[in-house]
Amino acid sequence: MIRYTMFLRRKSILHSIDPRSKIILSLFLFTVCIFFNKPIYIGVMFLSLIVFLKAFGKIEIKKTLSFLKPMLPFVIMIMLLWILLGSEKGNVIYQIWKLKIKDVNIEMAIAMGFRVLAMILSTFLLLMTTEQRDLVLALVKMKLPYEYGLTIAIALRYVPTLASLAVSITDAQKARGLELEKGNILEKIKKYVPILVPLIVKSIQLAQELAIAIETRAFGKPNRTFYRDLKFKFKDLVFLSVAVIFFVICLYLRIKGYGVLDI
Amino acid sequence: MLKVENLCYEYESGFKLKNINFEVKGGESIGIIGENGSGKTTLVKNLIGLLRPKSGRVLLNGEDASKMSVAEIARTIGFVFQNPDNQIFASSVKEEVSFGPQNLKMDKIEEIVNDVLKKTDLFKYKESHPFKLSGGEKQRLALASILVMNPKILVLDEPTSGLDLRNARKLIEIVKNLQKEGRTLILISHDMELVSDLCERIILMKSGEIIADGGIKDIFDDSNLLEKTRLDLPEIAKLSKILEFGVVFDPEELYRKWRASND
Numbered sequence: 001m002i003r004y005t006m007f008l009r010r011k012s013i014l015h016s017i018d019p020r021s022k023i024i025l026s027l028f029l030f031t032v033c034i035f036f037n038k039p040i041y042i043g044v045m046f047l048s049l050i051v052f053l054k055a056f057g058k059i060e061i062k063k064t065l066s067f068l069k070p071m072l073p074f075v076i077m078i079m080l081l082w083i084l085l086g087s088e089k090g091n092v093i094y095q096i097w098k099l100k101i102k103d104v105n106i107e108m109a110i111a112m113g114f115r116v117l118a119m120i121l122s123t124f125l126l127l128m129t130t131e132q133r134d135l136v137l138a139l140v141k142m143k144l145p146y147e148y149g150l151t152i153a154i155a156l157r158y159v160p161t162l163a164s165l166a167v168s169i170t171d172a173q174k175a176r177g178l179e180l181e182k183g184n185i186l187e188k189i190k191k192y193v194p195i196l197v198p199l200i201v202k203s204i205q206l207a208q209e210l211a212i213a214i215e216t217r218a219f220g221k222p223n224r225t226f227y228r229d230l231k232f233k234f235k236d237l238v239f240l241s242v243a244v245i246f247f248v249i250c251l252y253l254r255i256k257g258y259g260v261l262d263i
Numbered sequence: 264m265l266k267v268e269n270l271c272y273e274y275e276s277g278f279k280l281k282n283i284n285f286e287v288k289g290g291e292s293i294g295i296i297g298e299n300g301s302g303k304t305t306l307v308k309n310l311i312g313l314l315r316p317k318s319g320r321v322l323l324n325g326e327d328a329s330k331m332s333v334a335e336i337a338r339t340i341g342f343v344f345q346n347p348d349n350q351i352f353a354s355s356v357k358e359e360v361s362f363g364p365q366n367l368k369m370d371k372i373e374e375i376v377n378d379v380l381k382k383t384d385l386f387k388y389k390e391s392h393p394f395k396l397s398g399g400e401k402q403r404l405a406l407a408s409i410l411v412m413n414p415k416i417l418v419l420d421e422p423t424s425g426l427d428l429r430n431a432r433k434l435i436e437i438v439k440n441l442q443k444e445g446r447t448l449i450l451i452s453h454d455m456e457l458v459s460d461l462c463e464r465i466i467l468m469k470s471g472e473i474i475a476d477g478g479i480k481d482i483f484d485d486s487n488l489l490e491k492t493r494l495d496l497p498e499i500a501k502l503s504k505i506l507e508f509g510v511v512f513d514p515e516e517l518y519r520k521w522r523a524s525n526d
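Protein chains in written order, with the working numbering: chain A, 1 to 263; chain B, 264 to 526.
Bound-form chain A, shown alone (with noise of 0.2 Å):
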């Protein structure tokens, strides 16, 4: 079965901060990524990330790996890149034929696997403990005009519709003989006309009536009111406070040059 959104309804700490103060932490853990790149730094901050979501957001172990794992394909084609293609530096441990494997380039491919892994990591941390109509209205409220943030909810509120339109659409056309599978790339590629000249009429139609029933309910009328509002409570700053000593204390560990790696 497809999943459309990632958030996991929970009852924890993290899923009752307000979504204005998990925007900022993450942002500053994906910037503390790009810190450090050392495996041992950067490798700490990952498993860090994992046990924080379990201890904070109660989200299992396991559920975090299962949104990883689509990530893994990419996260070794870095790797691969960096010990075939990496520094000059270092010592040569493994030749085959031009390609020198070197020790320098190996713990760099380690550094950048779990940097990537954790700067996906901190993008999820916000995706799975925030609703999504939370994190259009936090943005709003972080001066994104409305519009845009109506735009951002509308893409994600269709996402699982279209999804769902795909498959039915899919389906109808297997039900007509078509057979997906079958067939040099091309003619795969060509096979998924039946599939996609409807979704896109369908998409448009969709689009065209939403527009018309957004603007028969007064869209676009200045100062307008929410009916949820977001409301910083005390433990919102004690977590951003938290957020930003982490963030100083990274930075400094940066700029003395702890967790950097010399290629």
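If you're looking for bench data, these hints aren't it; they were derived computationally from the structure. Among the hints, a few may not be true.
[As the list claims (entries may be wrong)] Subject to a maximum C-alpha distance of 25 Å in a straight line, what follows is the list of computed DMTMM-like cross-link-like pairs (lysine to aspartate or glutamate):
#  : chain 1 : residue 1 : chain 2 : residue 2
1  : B       : K491      : B       : D420
2  : A       : K190      : B       : E390
3  : B       : K371      : A       : E179
4  : B       : K279      : A       : D171
5  : B       : K308      : A       : E179
6  : A       : K182      : B       : D327
7  : A       : K191      : B       : E358
8  : A       : K143      : A       : E131
9  : A       : K182      : B       : D370
10 : B       : K308      : A       : D171
11 : B       : K330      : A       : E179
12 : B       : K317      : B       : E335
13 : B       : K387      : B       : E358
14 : A       : K190      : B       : E335
15 : A       : K11       : A       : D134
16 : B       : K371      : A       : E187
17 : B       : K371      : B       : E444
18 : B       : K433      : B       : E291
19 : A       : K190      : A       : D171
20 : B       : K415      : A       : D171
21 : B       : K415      : B       : E436
For this one, chain A is given, so just place chain B on it according to the hints.
For chain B alone, kept in the frame of chain A given last:
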């Protein structure tokens, strides 16, 4: 012709089809009815190979359907999806209808397409763009697109939903002609008038199970069953039951019974 033995299916969401058993003989007309979410469409998707049973089996003319592709099954069971817009992609009605036979590598396609277009009263629109057809014509186009593959069993999912009376009557007339040809009909519908008009046997589903399988009059006469499944009988059947004439669908028959009781 079609035999379902101990079929079980389970979605990741937890919804299950539990131990489904039934047999369909050639030329039969069966209505699969039940509330939304009772498993009607899931069952049919298992029959046509879009979903594969977790256990149990579907036998088509004695052969295990699990060894057949969806396209192979489509030669015997034709499934007309509820929403015709989900399958239209070609630039003319004749192209749209010829899609299935081309996939199944059938011979004399033009001849078959013309024949089916005549049967479904669409021949005059042969060169028209399918998107320009009315709702009723599109529904007949969806039927033609399946009929053209000459399946022995025709499965219709809510075929008259959203159609005006004239177009619904036209479609029913076409289906009745197909029944006269000896084609087996499986109808999924909430419209009890339609079910009573087209089917002589009912498979009643609730929460993924078949809770009744029998003659339409026997099932509509079972007050306990009707209460349990909140089935809404056709108005004429309600009236005939109030008048204590049993279940009657034909107005003339009801009139005769009423006259006889008065005499």
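Verification of the hints:
1. K491(B) <-> D420(B): 23 Å, holds
2. K190(A) <-> E390(B): 23 Å, holds
3. K371(B) <-> E179(A): This hinted pair holds, its Cα atoms lying about 21 Å apart.
4. K279(B) <-> D171(A): The hint holds at about 20 Å.
5. K308(B) <-> E179(A): 16 Å, holds
6. K182(A) <-> D327(B): 22 Å, holds
7. K191(A) <-> E358(B): Roughly 15 Å between the alpha carbons, so the hint for K191(A) and E358(B) holds.
8. K143(A) <-> E131(A): 19 Å, holds
9. K182(A) <-> D370(B): At roughly 20 Å apart (the allowed maximum being 25 Å), D370(B) and K182(A) satisfy the hint.
10. K308(B) <-> D171(A): The hint holds at about 9 Å.
11. K330(B) <-> E179(A): 15 Å, holds
12. K317(B) <-> E335(B): Since the Cα atoms of K317(B) and E335(B) sit roughly 20 Å apart, the hinted pair holds (cutoff 25 Å).
13. K387(B) <-> E358(B): With Cα atoms ~14 Å apart, K387(B) and E358(B) stay inside 25 Å; holds.
14. K190(A) <-> E335(B): Holds, at about 21 Å.
15. K11(A) <-> D134(A): Holds: K11(A) and D134(A) sit about 16 Å apart, inside 25 Å.
16. K371(B) <-> E187(A): 23 Å, holds
17. K371(B) <-> E444(B): Within the cut-off at roughly 21 Å; holds.
18. K433(B) <-> E291(B): 21 Å, holds
19. K190(A) <-> D171(A): OK: K190(A) and D171(A) at ~17 Å, within 25 Å.
20. K415(B) <-> D171(A): Distance of about 20 Å is within 25 Å: holds.
21. K415(B) <-> E436(B): Distance ~18 Å between K415(B) and E436(B) Cα, so the pair holds.
In the structure shown, no violation is registered for any of the earlier numbered hints.
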